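Asks: Fit chain R to the given chain S structure using the hints.
Number of protein chains: 2
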Amino acid sequence: MNELDLVDRLRKMAGGRARGVIRGIGDDCAVFRPKAGEDLLLKTDQLIEGIHFPKSMSADAVGERALARALSDIAAAGGDPRCCLVALAVPRDKTDDWVLGLFRGLLRLGKRTGTVVAGGDLAQDDKVHCSVMVVGAVKRGRALTRAGARPGDQLYVSGRLGKSWEQSIQPRLKLGRQLSGKATACIDLSDGLALDLHRLCKESRVAAQVESVPVVRGASIERALHGGEDYELLFTLPSSAKHPSGTTRIGEIRRGRAGEVWFKGEKLPPRGYDHFA
Amino acid sequence: MNELDLVDRLRKMAGGRARGVIRGIGDDCAVFRPKAGEDLLLKTDQLIEGIHFPKSMSADAVGERALARALSDIAAAGGDPRCCLVALAVPRDKTDDWVLGLFRGLLRLGKRTGTVVAGGDLAQDDKVHCSVMVVGAVKRGRALTRAGARPGDQLYVSGRLGKSWEQSIQPRLKLGRQLSGKATACIDLSDGLALDLHRLCKESRVAAQVESVPVVRGASIERALHGGEDYELLFTLPSSAKHPSGTTRIGEIRRGRAGEVWFKGEKLPPRGYDHFA
Chain S
193 MNELDLVDRL RKMAGGRARG VIRGIGDDCA VFRPKAGEDL LLKTDQLIEG
243 IHFPKSMSAD AVGERALARA LSDIAAAGGD PRCCLVALAV PRDKTDDWVL
293 GLFRGLLRLG KRTGTVVAGG DLAQDDKVHC SVMVVGAVKR GRALTRAGAR
343 PGDQLYVSGR LGKSWEQSIQ PRLKLGRQLS GKATACIDLS DGLALDLHRL
393 CKESRVAAQV ESVPVVRGAS IERALHGGED YELLFTLPSS AKHPSGTTRI
443 GEIRRGRAGE VWFKGEKLPP RGYDHFA
Chain R
193 MNELDLVDRL RKMAGGRARG VIRGIGDDCA VFRPKAGEDL LLKTDQLIEG
243 IHFPKSMSAD AVGERALARA LSDIAAAGGD PRCCLVALAV PRDKTDDWVL
293 GLFRGLLRLG KRTGTVVAGG DLAQDDKVHC SVMVVGAVKR GRALTRAGAR
343 PGDQLYVSGR LGKSWEQSIQ PRLKLGRQLS GKATACIDLS DGLALDLHRL
393 CKESRVAAQV ESVPVVRGAS IERALHGGED YELLFTLPSS AKHPSGTTRI
443 GEIRRGRAGE VWFKGEKLPP RGYDHFA
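Protein sequences, first through last, are from chains S and R. Sequential numbering from 193 applies to the first sequence in the working numbering. Sequential numbering from 193 applies to the second sequence in the working numbering.
What the hints contain is simulated information worked out from the structure, not anything from laboratory work. Keep in mind that a hint or two might mislead.
For identical chains, the list gives no copy identity; a pair is met inside one copy or between any two copies.
To be verified - Here are the simulated lysine-lysine pairs, DSSO-like style, with alpha carbons at most 30 Å apart:
| id | residue 1 | residue 2 |
| --- | --- | --- |
| 1 | K303 | K456 |
| 2 | K319 | K247 |
| 3 | K459 | K286 |
| 4 | K204 | K459 |
| 5 | K434 | K374 |
| 6 | K331 | K319 |
| 7 | K319 | K303 |
| 8 | K227 | K303 |
| 9 | K366 | K204 |
| 10 | K366 | K303 |
In this text, all values refer to a predicted model and were calculated from it rather than measured experimentally.
Bound conformation, chain S alone (with noise of 0.2 Å):
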């Protein structure tokens, strides 16, 4: 096929209009119509062969990852996907059916989560790289961000930490949905707690204690600690507020230099999967 035909097919395989897309694959730009009274959330986030995901990885696994990476960010903001934006590159040795499984993987997670591929790019390159971008919507005024934390607050996860790229990402629309409007923050774990509860805690200008942390079955502490692989969400209640099931307490924010995290009283390193380090 060339890139003609598999513009075409992707965008039988998209389907039509639908959340707020007025027109999607198959023009200069997708145009997309929001309701009043919402903000959107807009996010991009890169999957690099080698880097994020082995070569082994079966093609609708990758496009299913691409896209769960970016709506976890989407959850951590309380916010509802819309429609996401593609930007696709392969080598040449990999087939059509490669491509399409891609797809196939993205677009499945794009109905369960109620996100339209809405266009993209496609290009050749030495390995796969995929940068997914999702507009999500929440109402106007309720994003919810790393700045909100205040000392006192209560600090809680979703799920259990030190997964491995093996687990499949399940974002936590639902449950981000529900802290809208009442965490004081929020982040998503994608470097690892010591990493992002750093990020947030310089971004709120507190500190952060951790007594305990919720682990998977055979991880170790340090994987639960600084590993990457999580897309659990970290957030903040006020210390009255009664959290949500499925979460777990692992600690609370105090007073101190701004990103300064505690673990059992000992100073935890903001170290994660730095890809600059």
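Replies: Positioned in the frame of chain S, the structure of chain R alone reads:
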């Protein structure tokens, strides 16, 4: 610099909130507040070292080009750019100065065109790979598309064709806004006149007859027809309409097989820069 420091630095360079960006670099998502009565235009474009630009290109030229290509599509839809996200992967051997240089070039064009850098993603890869996603705005229902050309419409291009990647891209934003509500169809020339006119005609379910093409000094007609570095606008107007200054009539829309393009009486193959050919 590690990733945290680099993001801090970029955040300072990118500046504050503007153009509807309520929250920019430094959170899981950027937050954008749309204006009432506007549709949004979404576009992503990839710029890959060795494919879309040579390794020798300066960092700031790469940054400028990455944004310019996506802005050209916003122009083709008759829109006004508002903000962008930048997904950047760079090899280990690129210095922090190189990365900052890329952003300097991108931000300079951003300032000139009113495009705020609202967020992005950084990663490491074997070569430079820069995907820019732009959000533009247009009066509700006024987005130009490829789909509205009718038999009898006159066909125009801006500027002259046959450019090479050595020439910097001037996204035709002002012209695009002038054409909004007037042109029946519009596309930006990124893969050569033959292929892009084929695309416009296919979406509009019409054919086209090209009579002559304005060519840049020193370029061949072959390059003007099948080259891919023009970033000019190709558009159609009803035969009664006046065309904006700086644009040239090159032919007209005919009844015929959808997507068929004729040049001086001969059928022109839809061949340009095809990444999958």
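Asks: Could you run down the list of hints and mark each one as holding or not?
Replies: Going down the list of hints, with the structure as the test:
no. : hint         : result
1   : K303 to K456 : neither (42 Å within a copy, 47 Å between copies)
2   : K319 to K247 : both (9 Å within a copy, 17 Å between copies)
3   : K459 to K286 : neither (46 Å within a copy, 32 Å between copies)
4   : K204 to K459 : between (53 Å within a copy, 28 Å between copies)
5   : K434 to K374 : within (10 Å within a copy, 56 Å between copies)
6   : K331 to K319 : neither (39 Å within a copy, 40 Å between copies)
7   : K319 to K303 : within (27 Å within a copy, 33 Å between copies)
8   : K227 to K303 : both (20 Å within a copy, 28 Å between copies)
9   : K366 to K204 : within (29 Å within a copy, 34 Å between copies)
10  : K366 to K303 : within (15 Å within a copy, 38 Å between copies)
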